[in-house]
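Novice: Take a look at the letters that make up each chain.
2 protein chains.
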Amino acid sequence: MARDLPRDLPGDELRAALHRTADLIADYLEGVERYSVLPSVSPGDVGRALPAAPPAEGEPLDRLLDDYQRLIEPNVTHWNHPGFLAYFAISGSGPGILGEALAAGLNVNAMLWRTSPAAVELEERVCDWLRQMIDLPPAFHGHINDTASSSSLVALAAARHRLEDLEVRAKGLAGRPELPPLTIYCSDQAHSSIDKACIVLGIGQENVRRVASDEAFRMSVPALEEALARDRAAGKRPMAIVATAGTTSTTSVDPVPEIADLCAREGIWLHVDAAYAGSAAICPEYRALMPGIERADSIVVNPHKWLFTPVDCSVLWVQDPGQLRSAFSLVPDYLRTDEPGVTNLMDLGFQLGRRFRSLKLWMVIRAFGVEGLRERIREHCALARWLAERIGEDPGFELAAPVPFSAVCFRALPPDTAGIPEEQDRFNESLLSRVNAAGPFFLSATTLRGRYTPRVAIGNIRTGREHVEALWKLLHAERERAV
Amino acid sequence: MARDLPRDLPGDELRAALHRTADLIADYLEGVERYSVLPSVSPGDVGRALPAAPPAEGEPLDRLLDDYQRLIEPNVTHWNHPGFLAYFAISGSGPGILGEALAAGLNVNAMLWRTSPAAVELEERVCDWLRQMIDLPPAFHGHINDTASSSSLVALAAARHRLEDLEVRAKGLAGRPELPPLTIYCSDQAHSSIDKACIVLGIGQENVRRVASDEAFRMSVPALEEALARDRAAGKRPMAIVATAGTTSTTSVDPVPEIADLCAREGIWLHVDAAYAGSAAICPEYRALMPGIERADSIVVNPHKWLFTPVDCSVLWVQDPGQLRSAFSLVPDYLRTDEPGVTNLMDLGFQLGRRFRSLKLWMVIRAFGVEGLRERIREHCALARWLAERIGEDPGFELAAPVPFSAVCFRALPPDTAGIPEEQDRFNESLLSRVNAAGPFFLSATTLRGRYTPRVAIGNIRTGREHVEALWKLLHAERERAV
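First to last, the sequence lines map onto chains A and B. In the working numbering, each residue carries its 1-based index in the first sequence increased by 11. In the working numbering, each residue carries its 1-based index in the second sequence increased by 11.
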């Protein structure tokens, strides 16, 4: 790759490679179903195929793209495959991909307004669009983080900072005998990122109260009240309650109105984790399943989960961005600017660098429109209901949880349904292995009340009725084969 | 955008839009110098040009791309412009842009080996390539985070966890009278992300010891020893020392060998922040300026800073990844997998979701090769030295700090050099404003020993000798005009 000046690649080479990349992406998305969702590689296969040392000299872009096609593309797990039904299925939709490519071309760091006015103002505008779409009050100010893990960490740090008498920002938590232990409350169905945030914040896992959930996997308010009262009596200081709208296992929704009442009464920060189901809230009928979320102090929704936006895009709204600023803002001399009244994204959390994440979300919302997005969400929920009905009416299967959105938890029943639970668990584990090994689908499992529970999560924009029908046929056939 | 099935865009529309996007990116990079580096917009201009509400119906992709060209591209700060010389200049190089576009098309979440074998194994391999390139021992295991802020937060959380007797993960820090205050040490030149990490971790800003630096802005080891002894005597528990290789203001390098000796003697975690200068360490002569970094417990280098990789790409190496796992690993039922001996990236930090960040770094290293990357780093350092020489020999200017890498801190001297410091500061502020207003360059400033100090940081892959020569002419002319 000899060239006179050591700069970037020559423009004509780059342009040709960009066009080849455009075709690679379009071909991949058109032909993704030729792949099994899970690649058939063993641990170490890809690593061994990669040279142990980096190349001394530059290589032609076409060789890189050849290697990408030969070695990388076939050996990823195909999250963009319509048969990806594990965890929460996500989508790199076409408009989102365009947005990411353009963002990479610009390569701005939107840490300050000055370091990219359009990126900062687009982020504020697009977060406000989404706020309107999910019917939150105008007071909520949104910004975009990489993951819900970061969004919840930032929200809980702000909750800690709001306990002003503790002066945690300045003095920390350690070696202060006058401080009470701090406690956090969430249901036994809440996401592991809440525990991780509490580890990071120095709250400690033992101070995360995993409150029991009811028969529909919703946080029990009496149990929450009891836990709070017990902690108060023991001299502990409740710091925040995390309600989940759309839990990871069953997509259950905690009783937010009652929890919000409690938070208001007790002066406790309410954080709502709507990372998954928040996208469904753009449909009024699903928003109605999440009453009270508008009373949160902070709420996180991940458009990269179910709003067809490539990872990473996690929107955190807070009622009072001043609380994020007072928790985090710290402006070194080399970053001082003097534009009045602007948002500097670096003041809103612990990460200084800020990718131009709003561009892809802007492209997605505009390309599909609010109605188009609603139509897709509704289609996914209808497919989940269709599958739940098949499961519910088939004597060989049972539903394991209600299906409010697009995820279905179920179990196959061994022929002798009086069998011991461990046998039923093994029967389902084995069924799931065979279904995943078949190729066109990838399902995951969870544990509900101690029982192994396969799970279908519909969320990829390319998943349609034909896929869910084929999955049901396969599930049914694999059960028949096993009995 | 009527279509039969509510799925993604039709393949032919997407392909056409991807090709138009390819040209948009190539045109942007070829023509970026037609823009001023800083856009001429006022706060609110872009926001006001965006509709207040989201569109109900989908819009054609061409209209979106038109709006991108009209409203977004001209109003970003042009980090990919060769005249961007502020902060640390970064590059979205061609190969890196290809990698980001392909990653968006795949849209994998590499949280587990199973959720993307190729992404996990490529990440391990590429981090190992870079480890070899900067001559760290094989024991170092690397993974990629979004920002150095996150990397340092993860490293310092692991340092806290290594104080095993404190049981911080389980019990937290608050309300434990038996715990000592925890303290962190870094120089007065260390990055603000260290303070932010300590705020988040519950260490507290007051427990971050900002140790004095010497005349060349390197941490003073006697001052560090004194601070440690004072804290030990007061019953405090030193948790980590953060040495910086390439500080943000002057790119100074702390005396890591002496600091590493101290850490070894006292059993304290050594974290090295080489976010910027770590890239230069791929050249043996610059690696020689950072002796001792191989003795760190953890070290962060950001290829998105000076290794021509688009944001976000921050590599964190640790000597013992088991320490990250024991600090963070927390596997809920729905994420259990059973592949033996694989890396699950979610175990190495607090963020569950993991973008496919290694793809762009792989493309960059292969497209340029190690020698090609070295050549570019050396060219940037040579340009900085050239500028420093011009400044040093011109009686109208003075260098404000040594120039070990590619950043130059300087001041213009008002005609009466006996003038009071405040006057000199205003003279330089005004000079910098005029230089930035001219259009082809964007410089930032820092404060050194209380004095306002303009700064030129060369790091964009498109910056060449002609730009630095033109900058020097402009600086010189603007000073002449002012005196």
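Hints were generated in silico from the structure; no laboratory data involved. Some hints here could point you the wrong way.
To be verified - Quick look at which bits of chain A chain B covers, simulated, 3 or more residues with Cβ under 8 angstroms:
| no. | region |
| --- | --- |
| 1 | 115-126 |
| 2 | 225-236 |
| 3 | 297-304 |
| 4 | 399-405 |
As the list claims (entries may be wrong) - 25 angstroms max Cα-Cα, derived PhoX-like pairs, lysine-lysine:
| no. | chain 1 | residue 1 | chain 2 | residue 2 |
| --- | --- | --- | --- | --- |
| 5 | B | LYS182 | B | LYS247 |
| 6 | B | LYS247 | A | LYS182 |
| 7 | A | LYS182 | A | LYS247 |
| 8 | B | LYS182 | A | LYS247 |
| 9 | B | LYS182 | A | LYS182 |
Even for Gly, the Cβ is constructed at its ideal location relative to N, Cα and C.
Novice: Sort out whether LYS247 (chain A) lies within 25 angstroms of LYS182 (chain A), counting only the CA atoms.
Specialist: 19 angstroms, holds
Novice: Are the Cα positions of LYS182 (chain B) and LYS182 (chain A) separated by 25 angstroms at most?
Specialist: Cα-Cα ~18 angstroms, so holds.
Novice: Please work out if LYS182 (chain B) and LYS247 (chain A) have their alpha carbons no farther apart than 25 angstroms.
Specialist: 13 angstroms, holds
Novice: Going straight from one Cα to the other, do LYS182 (chain B) and LYS247 (chain B) come out at no more than 25 angstroms?
Specialist: The given pair, whose Cα atoms are some 19 angstroms apart, holds under the 25 angstroms limit.
Novice: Between the region 399-405 of chain A and chain B, see if three or more residues pass the 8 angstroms beta-carbon test, and mark the coverage as holds or violated.
Specialist: violated (count 0)
Novice: Can the region 115-126 of chain A be counted as covered by chain B under the rule of three residues or more with Cβ-Cβ separation shorter than 8 angstroms?
Specialist: Satisfied; 9 residues make the cut.
Novice: Counting residues of the region 297-304 of chain A that have a beta-carbon nearer than 8 angstroms to any beta-carbon of chain B, does the count reach 3?
Specialist: violated (count 0)
Novice: Hint check: LYS247 (chain B) vs LYS182 (chain A), CA-CA at most 25 angstroms. Holds or violated?
Specialist: 13 angstroms, holds
Novice: Checking C-beta pairs, does the region 225-236 of chain A have three or more residues closer than 8 angstroms to chain B?
Specialist: Violated, because only 0 residues of the region 225-236 of chain A bring their Cβ atoms closer than 8 angstroms to Cβ atoms of chain B.
Checked against the numbered hints above, the structure breaks hints 2, 3 and 4 and satisfies the rest.
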